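Going down the list, the sequences are from chains A and B.
Sequence positions in the first sequence follow my numbering and run 1 to 504.
Sequence positions in the second sequence follow my numbering and run 1001 to 1154.
Note that these hints are calculated values from the structure, not bench results.
Keep in mind that this is a model prediction, so the values were computed, not measured.
Check the hints yourself; a few may be wrong.
As the list claims (entries may be wrong) - Distance condition first, Cα-Cα at most 20 Å in a straight line; then the derived SDA-like pairs of lysine to any residue:
no., chain 1, residue 1, chain 2, residue 2
1, A, Lys-284, A, Leu-255
2, B, Lys-1139, A, Ala-54
3, A, Lys-141, A, Leu-489
4, B, Lys-1004, B, Gly-1098
5, B, Lys-1120, A, Leu-489
6, B, Lys-1060, A, Leu-255
7, B, Lys-1118, A, Pro-390
8, B, Lys-1139, A, Asp-56
9, A, Lys-385, A, Ile-374
10, B, Lys-1060, A, Leu-489
Said to hold, decoys possible - Computed far set for chain A versus chain B, every beta-carbon distance over 10 Å:
no., residue
11, Leu-9
12, Ser-51
13, Phe-142
14, Arg-192
15, Leu-200
16, Phe-216
17, Pro-252
18, Phe-395
19, Met-399
20, Lys-431
21, Asp-463
22, Lys-470
23, Leu-489
For each residue, glycine too, the CB sits at the ideal point set by N, CA and C.
Each chain, written out:
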Amino acid sequence: MDLLNNLALGFGVAFTLQNVFYAFFGALLGTLIGVLPGLGPVATIAMLLPSIYALDATPALIMLAGIYYGAQYGGSTTAILINVPGESSSVVTAIDGYQMARRGRAGAALAAAGLGSFFAGCVGTIIIAAFAPPLTELAFKFGPAEYFSLMVLGLIGAVVLASGSLIKAIAMIILGLLLGQINTDVISGVPRFSFDIPELTDGIGFVAIAMGVFGFGEIIANLSRPAEHREVFTKDVKDIWPTKQDFKNAYPAVLRGTALGSILGVLPGGGALLASFAAYTVEKKTKGNPGDVPFGQGNIRGVAGPEAANNAGAQTSFIPMLTLGIPPNAVMALMVGAMTIKGIQPGPQVMTSNPELFWGLIASMWVGNLMLIILNLPLIGVWIKLLTVPYRFLFPAIMAFCCIGLYTLNNNNFDVFMAAGFGIVGYLFFKLGCEPAPLLLGFILGPMMEENLRRALLLSRGDWTAFITKPLSAGLLLAALLMIVIVSLPSIKSKREEAFHDEP
Amino acid sequence: MKIKSQKDFWSGLMFVVTGLAFAAGATNYSFGTSARPGPGYFPFGLGVLLAVLGAVILFKALTIETEGGDRIGHIGWRPLCLIVAAVIGFGLLLPRLGLIISLPLLILVASLAGDEFKLKEVVINAIILTIGSWAVFIKGLNLVIPLWPSFLAN
């Protein structure tokens, strides 16, 4: 069995002392930032990018992956205990989880979330291992036209499923693509939009954009809002272990959530957020046992289902990034950036050229999930204490790490100034209600998209119809178009807006 | 004409202006032909597309009624200026004065942007973060960061 051999190779890599350490460190850090208010995985991964110069590629990516799924765990802890979703994917967990906590059942809610996530994480890992190789084979058949169309689909999918205003999100993608045009043209060698500034001929560093917009911009936005009042249910967390009845109620929800999350995670733009929303809707529609607590008042299925789904989605959203080199969300975009920093060209060839990295990363996800359950359930008291760290200590620390990281990128203060500028831009986006995540996706994909477009046009001798006469490419473009049409239908549009209305 | 959604009006305007600026800038580079696209081909097309989308957003902002006018609300000038100033100051001072002076300064200026400012807490925070950064970045990761001011280093 190929699958077993591959997984054996992966576990061999993942279980070296060094890699276990980085998986642990990533999971720990992820939980920490998931719990701490006002600090998300995008900003944290951006903060850590400069320091991965000192690491090998495999441990570096293992650590970054750990941060991503660790943040999903940590985010649900805050959702349950203080009704503040640490991550956007835990928004629906807060609905029933917080009610459970108010009834003194915080322990059972946390356990359901943790165990459900762990199960989903295991399944997600196996799915990646099983589906990555065939998808990679398919990707090798792609020419430049197909790649271009795939990226269009990926970008459209990312905003159709996961943002507020559709047209503004598409505009943000294009703005990102344009920012990616500030560089030296790969084909002709002409520097573009550089205003004779030598640093700009290499392009804007994506770390500067990510830290500026997601780090500094968010800090400014948080500080300009009045401080929120938090009520923490700390003393109620005693009985961690759920009752037998809880298990009985929760496990079908976990199974459904895992299945749903695994499928939705693979879709471009899917990932954790959409998965948890969908799972909650499914749980609400599914008939429970007589005498169950109604939804919205502390039903354990409303915690277990979405939590399993968001973790499964977080895992399977690695599939498009690992097999095609196309990031489905902002965190994956940073992972692609991290691979490029380490000199690995993301794409289908990673599996054959760096099998240790590829399978080691996949296996480490299972290891990381196991650690998370150990970190989260017995140590819950520590995380609760951290919840009370005031933001006024936190944001100067974030700024210190960002600034030092920016300086060390090129041992030059240019990136520090760029990030300061993008901090202003980020606050502007916040004020104008423009989501910054699509901009980052566009920025990362911009140069790849241009290269594929121009190569496709060269091959077709300038014939634009090549994109719709090739069946694979036409299908991908059609799918993108369909997505836009469907979400623009009035009935779907109002539902979609309703779903995003709950977000903070 | 009345603006019906402030947020959309200004963001639409931002997209139109940026799109046109990029499209105009792209005309400085060879456009090429469709069969041989030059360096100006892609950015020109994108710039025009962005301007068109911006115009649609602008049009909607002026025609479609929204609840309460979708106001932008007050702008937090104090955190905006202080945070940006702290970062730029750090960028300017680090090569000259080293981490030992510029980092505490960054933390001090940034902390002024918060709601609550207690000097004692800020000083403790600054000391811990400076020692921590030195331990992690200079000792631990061996990154090349000037620690002492350049006039002392020699």
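Proposed proximity, A/Pro-390 with B/Lys-1118 (alpha carbon, max 20 Å): 13 Å, holds
Hint consistency between B/Lys-1060 and A/Leu-255 [alpha-carbon to alpha-carbon, up to 20 Å]: Violated, at about 44 Å.
Check on A/Leu-9 being off the interface with chain B, judged by Cβ distance over 10 Å: 29 Å, holds
Agreement of B/Lys-1139 and A/Ala-54 with the hint, judged by alpha carbon distance not exceeding 20 Å: With Cα atoms ~12 Å apart, B/Lys-1139 and A/Ala-54 stay inside 20 Å; holds.
Satisfaction of hint between A/Leu-255 and A/Lys-284, Cα-Cα up to 20 Å: With a Cα-Cα distance of about 15 Å, the restraint between A/Lys-284 and A/Leu-255 holds, given a limit of 20 Å.
A/Phe-142 and chain B, when compared Cβ to Cβ, separated by more than 10 Å: 20 Å, holds
Given as non-interface: A/Leu-200, which should sit over 10 Å from chain B by C-beta: 12 Å, holds
Satisfaction of hint between A/Ile-374 and A/Lys-385, Cα-Cα up to 20 Å: 17 Å, holds
Exclusion check [A/Lys-431 not at the chain B interface, CB over 10 Å]: 5 Å, violated
Claimed clearance of chain B by A/Lys-470, with the beta carbon kept past 10 Å: 17 Å, holds
Satisfaction of hint between A/Leu-489 and A/Lys-141, Cα-Cα up to 20 Å: Status violated; Cα separation ~34 Å.
Claimed clearance of chain B by A/Arg-192, with the beta carbon kept past 10 Å: Per Cβ check, A/Arg-192 is inside 10 Å of chain B; nearest 6 Å; violated.
Checked against the numbered hints above, the structure violates hints 3, 4, 5, 6, 12, 14, 16, 18, 19, 20 and 21; every other hint is satisfied.
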